[in-house]
Structures are given as C-alpha cells and as structure tokens.
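Chains as they are written, first to last, in this note's numbering: chain A, 299 to 733; chain B, 3 to 258; chain C, 4 to 499.
No lab work stands behind these hints, which were simulated from the structure alone.
Yeah, the Cβ is synthetic: ideal placement off N, Cα and C, and Gly gets one too.
Do not rely on the hints blindly, as some may be mistaken.
Beta-carbon label-pair distances, calculated as ranges [unchecked claim]:
1) Gly154(B) x Glu495(C): 27 to 33 Å
2) Gly73(B) x Glu495(C): 31 to 37 Å
3) Glu460(C) x Lys131(B): 47 to 53 Å
4) Met692(A) x Glu495(C): 54 to 60 Å
5) Gly402(C) x Gly128(B): 16 to 22 Å
6) Glu495(C) x Asp674(A): 32 to 38 Å
7) Gly154(B) x Arg682(A): 33 to 39 Å
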Amino acid sequence: MNAITPISRGLAPFEGRLTGITNDVRAAAVGELERLGLPTQKVEAWHYTNLRALSGHAFATPGMVDEGKVTAALAALFGDTEALAKLPRLVLVNGRLSAAHSTTRLPEGVSCTSFATTQDFGTQSAPDREAMVALNTALAEDGVCLSVGAGVKAGAFLLISVAGAGNEDASFHPRHAVALGEGASLTLFELAVSVEDAGPAMYLHNPVLSCDVAEDAHLTHVKVQEEAENAVHLATVYADVEPRGSYDSFTLGLGAVLARHEVHAALRGSHASVHVNGAQILGARQVGDITSVILHGAPDGISRQTVRNVLMDHARAVFQGKVLVERIAQKTDGYQMNQALLLSPNAEIDAKPELEIYADDVKCSHGATVGALDEDQLFYLRARGIPDDQARRMLVEAFLTETVELVQDEAVRAFLMQRVERALKARVSAGEKAA
Amino acid sequence: MSELLKISGLHASIETEGGPKEILRGVDLVIPPGEVHAIMGPNGCGKSTLSYVLAGREDYEVTAGEALFKGRDLLEMEPEERAAAGVFLAFQTPVELPGVNNANFLRTAVNAVRRARGEAELDAVGFLKAVRAATKNLSMSDDMLKRNVNVGFSGGEKKRNEVLQMTMLKPTLAILDETDSGLDVDALKIVAEGVQNLRSPDFSALVITHHQKLLDYLGPDRVHVMAKGRIIRSGGPELAKQINEEGYTAFLKEAA
Amino acid sequence: MPAVTETREQVEKLGQSSYKWGFETDIEMDFAPKGLNEDIIRLISTRKEEPEWMLEWRLEAYRSWLKMKEPTWAHVSYPPIDYQDAHYYAAPKKKAGPKSLDEVDPELLRTYEKLGIPLHEQAMLAGVEVPEGEEARLPVAVDAVFDSVSVATTFRKTLSEAGVIFCPISEAIRDYPDLVRQYLGSVVPVADNFFAALNSAVFTDGSFVFVPKGVRCPMELSTYFRINARNTGQFERTLIVVEDGASVSYLEGCTAPMRDENQLHAAVVELVAMEDAKIKYSTVQNWYPGDENGRGGIYNFVTKRGACRGARSRISWTQVETGSAVTWKYPSCILQGEGSVGEFYSVAVTNNHQQADTGTKMIHLGRNTRSTIIAKTISAGKSDSTYRGQVKIMPKASGARNFTQCDSLLIGDQCGAHTVPYIENRNMTARVEHEATTSKISEDQMFYCRQRGLSEEDAVGLIVNGFCKDVLKELPMEFAVEAQKLLQISLEGSVG
C-alpha cells in the first residue's frame, strides 16, 4: 500500500470533479504513473530525496476537519499580521475549496473559478516525466483557476491550504492555475498550514500550480509552508513567462517531515525575468528540498536564484538548481547562489547547482557555500557584550534576512520575517540543547 | 605621397535596438606624414567612433565614403592588417586580459607585426632588451610587465601600458582616443613624451582630446573641431586655445 | 593499410589534418583473436606469464563485468559499442634486444620521433644499451606503452639505485607479486564500475611505480601511451604506490593514429599515498579526436583514483584533455589521512563533434582534509563539454575544506558547456565553496588583441591560454609548453 493505492481502487471518486481534467487525461496519467512508479533515488531528479516517508501508508481520500480547528488555524495566521486578514483569500481545507472560509469579493478584473471551466493541462505540466504530477493529474479533486485581465494591477491575493488528517492517513492533490493577461500584475501569497491536534494520522499534500504570465505581466509568488511535523508536502510549480514578463518567487520552507518545492520556470519571450528565491529552516529529522529548472528559451532573459538553508538537529536540506540556456537564448544573464549554515553535527546539505548552456553570448554563474557560523563574526559580537546564544541567533537571522529582503511587498516581507524569527526561536534553542 | 591618411565623406552607423543610428555623417580629414593633428569636440560628436572605424572595430558599419592609408583602402583591411600597416589605436578604456602575461602579450604582438612587415622576429633576449629600454624611457617599472594585461591596473598604469605598446609597435599613425582622460599631470607628461619621442617624418598622430593640456605638450600641427559626426572647422593650434576659452557653443552655432 | 593512408591523404588535401600525431606505425603485430570471453582472458594471462592469483582476479572482474551495465548518466552520446568486435591483445612482435639504434625497427623509431621524444631517449625506449653515465643527463624516465604492451622503460638503473621501482606492470606482477597483490584493486576495486571491471579483466600492460619510505624520486617519470593497431582496445593499468615521506611526479602522454572507426580506451590508474607522501600525476591527453564530421576518434573511458591513506599525504591531478571523440573521466581523491590534500586541475577542450564529460570526486573522510578543484572548460565547433564533480564531506571530516572553481568558455554558438557539481556536506565544521561561470571571449578582448597585430587565431590562443593559466602552471615545464601548443591546435578552425 502506498500513495498510488487509491488509483487501483478505481477512478470513480474523482471523475467529473475537475472538468478541466477529462477522464482520458486521468487514465493517461495513471498509465504514466504505473510506468514511472514513485520516484526513487535512481531517478536523477530525486537523487537526494527519497520518498520512504510515504511507504507503509495507505492514503485515503481525506475526511472533514473540525470547523473550529480551521477557524483557529486561520486566526493564528492572521493574528500575527493584521494586514493579511484584510486581503482577499481562498481557503482550501484538506484540498477542497471552503466557501465558508474564503472571501467572496475578488479584486476588480480578477476572476476565479473552481476549475469549472476547461483548462488545458497538457501544455506545461509533464505527467509523463514527473511522477508526482502524474499522481496529481490522476487524483486532483479541486483547485482554483485565477485569471487576471489585461492591464489589471490586482494587488495581493491569499491562497491558503489548511489540513489535518485525523485518524486515517490521507492524501490530497489540489490543482491550481493562474493566468495573467498582458501588462497585468498579481501577488499570489500561498500558505500551507495544519490544524492543531488533528489526530495521529499523516497526510500527503501534493499540489500542482501552473502560472501563465503574458507579455509585460508580473507575477509575484510567495509561499510559506508550515505543515504538521508528520506531513509530507510535495509541490510542483510551473511558470511560463512571455516577453518582458516576470515571475518573481520566494518560498519559505519550515514544516513537514519531508517537503519538496519543485519549480519549472520557462522564459519563453525575450527580456523576460525569473526569480526563484527561497529559504529553509529545518530541525529534528526534517528533509527540505528546493528543486528548480530554469529554462532560458528566448534571448535577453534574466534569472536570479538565491536560496539559503539553516539546518539543525538531524535535518537535511537539498538544493537542486538547473539553469538551461537554449541556443536561441543569447545575452542570457543567469545567476544562482545556494548557501547553507550547518548548526548541528548531524545536519546535512546536498546541493547540485547545474548549468547547461548552448548559447555562447551569455553571462551565467552559480555559487554554493556550506559552512558553520563565522567564528570571527561570533567573536566580534561577543566581544561587544552580546551573549553567545543571542549572537548566534543574530547571525542566523541576518543570514536569512538577506533572502527575505528580496521580497518586494512590505507586508508580505514583514510576515515572512516574523515567521523566520518564530521558527528560529523554537528551533535554534532546541537545536543548541540537542548539540 | 603628401598624405598618410585621407578620409573622405565617411559615414558610419551602429546597430541599436531602434535600428541603425548614424554617427559619422561625412567626415573629411587629411593627415600628412610627420604631423600631429588633434580632434576636439563635445561628447557624442563621433570622435571615438572615428577612431574605432579607423582601427576596424566590427560593431560599426561604414555606409559611405573611404579612408586611404598610404594609398591603401584601410576599410577593407582586418584589424591586425591595419596594425601591421602601422595604425595604432590607444584605447580610451584599455581592455583587461585575465591570465595573459603583459610581457608575453607585448612580445606576441611585436613579433606578429614584425612578421607582417617582413622584419625578423625578436628572440626573448632581444625583446627583453628592447622592452627594458622602452620602460626606462617611460619611467615605468618592470613590475608591470609581469602582471596580466591591464588586470588590476590603475587608470594611469593602463595609459602608460598603451604608450609602452605604442613605443614597441612603432606605428606610422597613432590614434590616441582621449588617452589623457583621468590622468594626473605627471602621467600626462609621460603620454606626451611617449608621443614626442616617436615624432619623426615617418610618424603621425591623431589625438582625440577634450583638453588643452595635452595639446600644450604636443604642439599639434592642426586642430579639427568635430560636431554631429563631421569636421566643422579646422585650423592651427590657436583653435584649441579658442575652444578652451570659449567652449564649443560658438562653433556649434556657426555649424548650424 | 592503404585505406587509412588514403583517407588521411584526402583529409590532408582538405586542409583538415590538424591532428599531427595521426600517423600509423607499420610494425608486425601479434594479435589475439577478436572477442571477449574467459578463454581470451586466460590467453592474456598466459602470454603475460602471470601467476594463478592474477588470472583468478581477472576472471572475477570479468564475471562482475558481465552483470554490469554501461553507465548512461554522462552528458555524452555514442552508438552502442560491440565489445566482441575488438582485439583484446595486440603486441609488437618480440625480437632479441637490439644492440644499437640501427638494429631497431625503424618504424618504431619513427613513431617516437613523431611523438617528439628526443633521440637519445628514443634509443633507450627502443632498448638500446647506453654506456654507463650517459643516462644521467636525462631528466625524465620513460615507459612507452604501445597498444597495451610496455615496449621499453628507461633509466631503470638510476631509479633502482634510489630504490624506486619503475617498470611495466606485467613485469611487476612477475617480479614483485606481493607488492602488486597488496595494492592492485585496493583503490579501484575490480567491480568499481563497468569500464574499470572491463579493464581489470583484460588489461595487458601499463606502468608500476613504487617509491619506498623517505625517497624523493630523483627524476620525473613518464609514460607515453599509444594506440596503434586497428580494432584494438587499449586497456592499460597503472599503479603507483608511494610510501611514508616519499614523493614522485608522474607524466602521462597519449596519442593515437587517425582512423575512421572508433577505438576504445579504458584505462585504470590507482594511486596510493602513505603518510607525508606526495604524488603529482599530470596528463596531456591527445588521443585522436575524430575528424571534423565526428567520424572516428577514441572513446576514452578512464577510471583514475588516488587514495591519500596517510596523514598529510597529498595527491595532485593535473590534466589537459584535448583529444578523444568521447571522454568519460573523473580523476578522484579519497582523503582518508588526517590533513591530507587532494587537488584537481583540469583543462578540457572540445572542438568539432567531440564530447567530454570530465571532472573529479573529492571524498573527505579524515579530519582537516583539504581539496581544491580548478576546472577550465572550452567548447568550440559542435562539441559538448561537461564538468561533473562531487565534493563529499563525511561526518568525521571535521575542519575539512574545499574550494571549487569551474569556468567555461564557449567559442561559437553551436557548442554546449555544462557544469554539474554535486556538493554533499555532513559535517558542520566543514567549509565548502563552489563557484562557476560561463562566458565567451569578449569582442573587446578580441579587438584589442587584433589592434595590436595578432591574428584572430593567435588572439583566441592567447586568451584561452590566459583563461587556463591557473591549470597550466601546475604542469611540469616541458609539458606546459606542449599543452599550450595543443590548446591552440585543438581550437584551429573554431573562429572566423
């Protein structure tokens, strides 16, 4: 029994739930999944991350979550930052849209459907190459389809997933799409959290998000993942960017026992730009994986990636970042940096920054550094009278602040910093004790 | 031959995002052997473009006109053929060549040019002798020879390095593209002396500059004023003094 | 072999004969029949007069190999290799030792001459006896391996006086069986990978070096490898063991004639460095790269690994890779001894249709181990070049340090340059730094050089040599000069 098990029980429960995914598409995805199997470490893209956390579990379709707990989880989120509560939002509970917790009013020029209209799933996602996307395609039950009209500056929008498994292991596979018309802009702020005291069971959250960014449009995508400590979070994001458009993303990974944030960003038009930034703070036996493939498919594109990891206890972080520059993509400017701070003797970082370049007139570079806190800096702070543990936390915080500052939206940035501080407070002190 | 360089009706443009942009719009200029000429003009008038076109930079397209050097069609020649023929461009911003030893570069260049001119190549000892003499003459330290070409050089060092190369390559026409910019008085003197040392009936120079100072040292035979891609006025050294005192405005009005 | 001569003449007429080492030597050869099976392995072992344990060792490797799959993860592609369609043993026919150069097969001498080996050295290579004292003038001891068979080793006397053993490995297996048995396969086990297993089963010769405690090898040791015969694979095996406080510098040069079919070269090199020992291993690889249409050329699938077993030992790999149609090669260091040091300096140049996937592995096991990786990749024509490297810091490697710098240069818009580092750190006190860049030669640099009178090709050569300087300076002097020339020759026709 594993994550694929429900499929063998037949597709019936899912047929017709998302009309955008026809039964034929689902059946094909099942076929691909059976052919590919769940990824093992022999698959190069999963070289450093194994899905053993899923084995031995039979994932049922999730049940209901106590409404009071959902309300409490949302209150806990918004309680920290009032600005967030005011934003329009859509809330999914265990992968299903919850009208009760969502706001009804959308910004002017933005439309949202629950995949009632047909959506072409063939163009970006690759269920034939990525098993988790095949699984999602086969089992997707719900999701949102946001579209922003040409020229509309839509502001920020919240997409919140609240989950809790209760007593039976569950999996849910939401499918989202975001399309920005020419010259439009949107900040999509994605939050994935769990309810408190849901029960002993674990869940697999396997969302797929497709983004289409038209000419001169700008999509900002910020994500905070704070799933329960026994949850598995495996997300795949596709972003296609047309001329002069931009996809600017930041992901903050804090929760789940195993998490992977996989981004496939493609610069399809000239002068497009893509930012895939992120940070992870991991402790206990957490594994956090940030994987990205940035495809430069047109000239004069810019891509930037800065990812920083802070690792405690037995945590392990994985960074895989591929920048592929096609022959046509002359004058590409690509930069990538992955850094990790190891704060425990048992922590581990595995990094694979990769350049694959077929155009000659390019400027591409990547860097990676791994190490402990700088002893000279630590000494300097202590010599100025700051106690050791505080000095350490200051340095770790500074290390992460530099990435969070890459996020433009002030309110979002404040929220991120506050999450970072909270996570560090909880983990650095726990980690110090363990060490 | 009464003229070393003869430019007539030269038009050149550069490809920009908005299409080709014409920068030289009919330059006429004659430099006889043994003379030092100066070109002055406001920013963006096409002075640097003229020097690049004469040296053979491929970014510029010559759309009309011609440039004859010793009677040969200069514009048909490859950059290295022009160098061998005796055209030397002192760059406004000398390029850095990481990992390429300065002495080795100089020797390679000197021997490539000598080979093309049918002269015997210099062996290591002969070259070292020649270069030592040149550095001494220019008050340069030998240390500069051991470093990589222009890498980590100060602005002054880069310009001295250009003058050293010029001295070693023995051009018949040196084009100095604002070689004086950003130099202190001492460095300026070195550049000027570098040119003066080469002065002979077989050496001409085209000095592109904003400043009077360098011209004071050099004493040019002719001064040309360039604006909007053309030579709008030519005269003796007094022209430079006039510009220094009055600026370009009067000339520009006159031209318009 | 007229067909080859004809092809070569045609190619030369087209002005494409930039591969100046593409001569073929017409020497009487002794071939084993084509194909690979246990009988062939027995035949090789018998011809080499090997002890029983060696045969068993080979058979074990062969049996593992049968169960293994050819690796496919590298960024290279080539048609399937028919391992049964090659001779696994080819040797120049043995004659009694010649007394003077006149008696030596003139073809063999011509080969050395073309390889650029000085005449007096040629005499020694050809086995001519040299008067006492004569050899001391020469700074380099040479072992020449000709289609998998070591034909001559020079300076053995001088070396043996110092206690250094430098001989063909086939001889070492007979003369120093205990030493060989102790170390052979201890760094690269017989079943390490597909090509290493194949090599272990069929290797016919190579060099053996043993430097005893405290001895600084009095001269550079050098091996020339040459594939000559048609349809042969070359599978040489090199084993270098350096004891406590001893040191050696070893050079390796490779050439092969031009042919329009591909030939397989699958070598294994094992290095063992004990306490305070130093090994410097330099390679200039110039196997035939194939013609400008990608026809022919050597498949160079090599396993090179060094073990820094003792504290403060040091292994340094320097390679200049300009040849071969396909290169698959990762000279690595296992840093076991406390404070041991691993270095990898590489220049890889590909042109036309060449493909290279090369890099290193630095496995840090011991405390305070250090490694440095400098890799320069140059791609031109329609070639593809990949740096692939692994830096692995194990939990006990406290204080480990790695610095990696990978730079790629693209010449022309039909080639590819790729960088694939794997960085794995399991120790919080370790520090790993990795930097990589990809760029092209800037038009400003080209114009500057040409304005000073350099031709386009000379300018490219100069800039490329500058780009590679950090690696070239690690080569012994005489190799560095050759390498610089090779770089320029390899890139001929890539500009303009």
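Verification of the supplied hints:
no., hint, in the structure
1, Gly154(B) x Glu495(C): 27 to 33 Å, "32 Å, holds"
2, Gly73(B) x Glu495(C): 31 to 37 Å, "34 Å, holds"
3, Glu460(C) x Lys131(B): 47 to 53 Å, "29 Å, violated"
4, Met692(A) x Glu495(C): 54 to 60 Å, "58 Å, holds"
5, Gly402(C) x Gly128(B): 16 to 22 Å, "52 Å, violated"
6, Glu495(C) x Asp674(A): 32 to 38 Å, "50 Å, violated"
7, Gly154(B) x Arg682(A): 33 to 39 Å, "35 Å, holds"
The earlier numbered hints that this structure contradicts are 3, 5, 6.
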